[in-house]
Amino acid sequence: MDLFEYQGKQYFARFGIPTSPGAVADSVEEAVAKAEELGYPVVVKAQVKVGGRGKAGGVKLAANAEEARQHAQAILGMDIKGHVVHRLWIERASDIAKEYYASFTLDRSAKLHLCMVSAKGGVDIEEVAATDPGAIARRHVDPVDGFPLEAAREVVAAAGLDEAAREPAAALLVQLWDCYDQGDCDLAEINPLILTTDGRVHALDAKVSLDDNAAFRHPEWAEFAGTETEDPREKLAKEKGLQYVGLDGEVGIIANGAGLAMSTCDVVEQVGGKPANFLDIGGGANAAQMANALEVINADPKVRAIFINIFGGITRGEEVANGIVEALGRVEIASPIVVRLDGTNAEEGRRILAQVPPDRLESRPTMIEAARRAAELARQRA
Amino acid sequence: MSIFVNAETTVVIQGISPTSQGLYHGLRNRAYGTKVVAGTNPKRGGETIEGIPVFASVAEAVKATGATASFISVPPPAAPAAILEAAEAGVPFIVCITEGIPAHDEARVYNRLRREFPGTRLLGPNCPGIISAGQCNIGITSGDIALPGGPVGLVSRSGTVFYQAMYELTQKGIGQTTGVGIGGDPVPGTSFIDVLQAFEADPETKAILMIGEIGGSAEEEAAAFIKEHVSKPVVAYIAGVTAPPGRKMGHAGAIVSGSKGTAKAKMEALAAAGVLVAQNPTEAGEKMAEVVRHLG
Ligand SMILES: Nc1ncnc2c1ncn2[C@@H]1O[C@H](COP(=O)(O)OP(=O)(O)O)[C@@H](O)[C@H]1O
Ligand SMILES: [Mg+2]
Chain A
14 MDLFEYQGKQ YFARFGIPTS PGAVADSVEE AVAKAEELGY PVVVKAQVKV
64 GGRGKAGGVK LAANAEEARQ HAQAILGMDI KGHVVHRLWI ERASDIAKEY
114 YASFTLDRSA KLHLCMVSAK GGVDIEEVAA TDPGAIARRH VDPVDGFPLE
164 AAREVVAAAG LDEAAREPAA ALLVQLWDCY DQGDCDLAEI NPLILTTDGR
214 VHALDAKVSL DDNAAFRHPE WAEFAGTETE DPREKLAKEK GLQYVGLDGE
264 VGIIANGAGL AMSTCDVVEQ VGGKPANFLD IGGGANAAQM ANALEVINAD
314 PKVRAIFINI FGGITRGEEV ANGIVEALGR VEIASPIVVR LDGTNAEEGR
364 RILAQVPPDR LESRPTMIEA ARRAAELARQ RA
Chain B
12 MSIFVNAETT VVIQGISPTS QGLYHGLRNR AYGTKVVAGT NPKRGGETIE
62 GIPVFASVAE AVKATGATAS FISVPPPAAP AAILEAAEAG VPFIVCITEG
112 IPAHDEARVY NRLRREFPGT RLLGPNCPGI ISAGQCNIGI TSGDIALPGG
162 PVGLVSRSGT VFYQAMYELT QKGIGQTTGV GIGGDPVPGT SFIDVLQAFE
212 ADPETKAILM IGEIGGSAEE EAAAFIKEHV SKPVVAYIAG VTAPPGRKMG
262 HAGAIVSGSK GTAKAKMEAL AAAGVLVAQN PTEAGEKMAE VVRHLG
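Residue numbers (this note's numbering), protein chains in the order written: chain A, 14 to 395; chain B, 12 to 307.
To be clear, the hints were calculated from the coordinates, so they are not data collected in a lab.
One or more hints might be untrue.
Unchecked claim - Using 27 Å as the maximum straight-line C-alpha spacing, the simulated BS3-like pairs for lysine-lysine come out as follows:
| # | chain 1 | residue 1 | chain 2 | residue 2 |
| --- | --- | --- | --- | --- |
| 1 | A | K124 | A | K68 |
| 2 | A | K287 | A | K248 |
| 3 | A | K124 | B | K217 |
| 4 | A | K287 | B | K298 |
| 5 | B | K217 | B | K183 |
| 6 | B | K238 | B | K298 |
| 7 | B | K275 | A | K124 |
| 8 | A | K287 | B | K275 |
| 9 | B | K275 | A | K94 |
| 10 | B | K217 | B | K238 |
Said to hold, decoys possible - Below, a sample of chain B positions facing chain A; criterion: calculated Cβ distance under 10 Å:
| # | residue |
| --- | --- |
| 11 | P113 |
| 12 | A114 |
| 13 | H115 |
| 14 | D116 |
| 15 | R119 |
| 16 | R123 |
| 17 | E127 |
| 18 | S153 |
| 19 | S169 |
| 20 | T171 |
| 21 | I225 |
| 22 | P244 |
| 23 | Y248 |
| 24 | G251 |
| 25 | T253 |
All of these numbers come straight from a predicted model, not from anything done at the bench.
The C-beta atom is built at its ideal place from N, Cα and C for all residues, glycine as well.
The following block holds chain A by itself, in its conformation from the complex:
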């Protein structure tokens, strides 16, 4: 789960990482009121889960109420890389002497965590990474050893941070490690990490991504849930506990397993169809899940045909088939369905599916043939 900047900063605060005082606002009036409370100058910041807000005009300095109003008006509703701004974060402006970069993430190749620090932080960090990789100090962190202050001191020195910033930056880096490690983050990034003109170091931005698998030990994450602004199809799927990604084609796809679901999308494209979605119903593929999945697909008005691609492993073919039949009884499906059922007890499953009228459901023996038929039906019904 990705956090908005303001949520990331709330999370940072739990680990003692200094940030600027601020408040959220969902309307222009609220933004001005919060700015007045905070005292000028303030910065009006778009809350979207994507980087590069500054360059897109989503971060603006306001010296008074009039400017705060103008910026709030301009930024609310703004589209930043496909993300529409519904919420603002208003925070006190800092007097910036230097902008640095600091982050922790997992280096999957090394199977170790990776700490990165640079003296050249700010909005151009990606360019720095591409053109001057030496300007980013990197240090692997073995989770068995952790990240002691000594390691932090070495990294900030290697990154060439200004003398005055080094001690406070090292201390902050240890806090950021604690946030990343104890806080179960996939990513904890501060860009910019600033040195103020009066010699303090603090986080001016927060990019935090939480590991959903660790939610069981973080009841406090509940406060971050439900703030996603997402595709309504994805929202419905999430409510039903399905792995769903909306795409923009006409062939609705249901498969068991993420890999097979991706593979199904691939094959549909290869035979000239366009997948409407990626949907993984998981290993079980029982009637309830199948009904949920069909309901989600059915809610997508673009869908013209549905391709159910199931490889029975633990789940046996007849269970899957019964699930489909039962689901068809529960949900009124607008599009014809093509099923490809393989694996354990597939034949028995196909026999069960043969009872469904062919204008509602057809079986095909292989993935490719089923994909072809589904793409064809989608074209015919376009």
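Assemble chain B with the ligands onto chain A, guided by the hints.
For chain B with the ligands alone, kept in the frame of chain A given last:
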């Protein structure tokens, strides 16, 4: 022959009870012919469940039965400790199919194994397991889709595409030595390279089918390894060719960032290493059939 597990492998099921996942899968594995010799459960030491003697700890189970592999399907909060318990008991091969272990736990466990238990290999977590066709099946693969006799070694990051690929081979009458599902999690205990190396060393394995997916750089690293160290023909398929960039497709591992990690980048890297790259699992089976025909 086979890699990692064979007819002699003896398995202890960690966390066994009459209603556990471990028992359910363990019995299926036993029905396939796998030597399931023990179970563990701290509260049920001394019991026998479905003919499987239960011990309070892995150490006791190993002492009594000499188990050479362990099978873990306990829930995510308990899985890291279960893996370490097996390693501490000296089990050389651990299969963990548990899905949903936090990435930080995986990284911690992986690095403890690397440092303290170099003799232990972990397969998974979040994987379908391993099957040496006709000999030993540990995990959730349904045994009837495997065809014994080789000559193909199969390795996959994705679960269901692993079954799909094995099934494609079996339907064409192409046997397998061992099928290894390494899992799609961020820190897998066993990587493509480990498996490729083992297949390269296994005389019965004459060709390798590799199934990757988008996200991370494991396939690119495998490509570099194949170029240098693998003399046997390799066919590969990468799931997610049409996945939009920057979207998570359900797997913790399947995250595309920029051009790195895309199916295209992976397919290019593999092709450049001399691998025959297929566009879908069916084509992968066809390409492998071609390869096998020319093995002589
Ligand atoms: N509170 C603040 N005070 C002064 N300048 C700020 C403040 N917040 C952001 N900025 C400036 O705006 C730039 C972009 O803001 P940031 O939060 O990093 O958004 P993004 O990374 O999405 O562009 C920062 O690099 C910094 O120069
Ligand atoms: Mg920033």
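Going through the hints against the structure:
no.	hint	result
1	A:K124 / A:K68	violated (33 Å)
2	A:K287 / A:K248	holds (22 Å)
3	A:K124 / B:K217	violated (30 Å)
4	A:K287 / B:K298	holds (25 Å)
5	B:K217 / B:K183	holds (16 Å)
6	B:K238 / B:K298	holds (19 Å)
7	B:K275 / A:K124	holds (24 Å)
8	A:K287 / B:K275	holds (18 Å)
9	B:K275 / A:K94	holds (23 Å)
10	B:K217 / B:K238	holds (16 Å)
11	P113	holds (4 Å)
12	A114	holds (5 Å)
13	H115	holds (6 Å)
14	D116	holds (8 Å)
15	R119	holds (4 Å)
16	R123	holds (6 Å)
17	E127	holds (9 Å)
18	S153	holds (5 Å)
19	S169	holds (2 Å)
20	T171	holds (3 Å)
21	I225	holds (7 Å)
22	P244	violated (22 Å)
23	Y248	holds (8 Å)
24	G251	holds (4 Å)
25	T253	holds (4 Å)
Hint compliance for this structure: hints 1, 3 and 22 are not met, and every other hint is.
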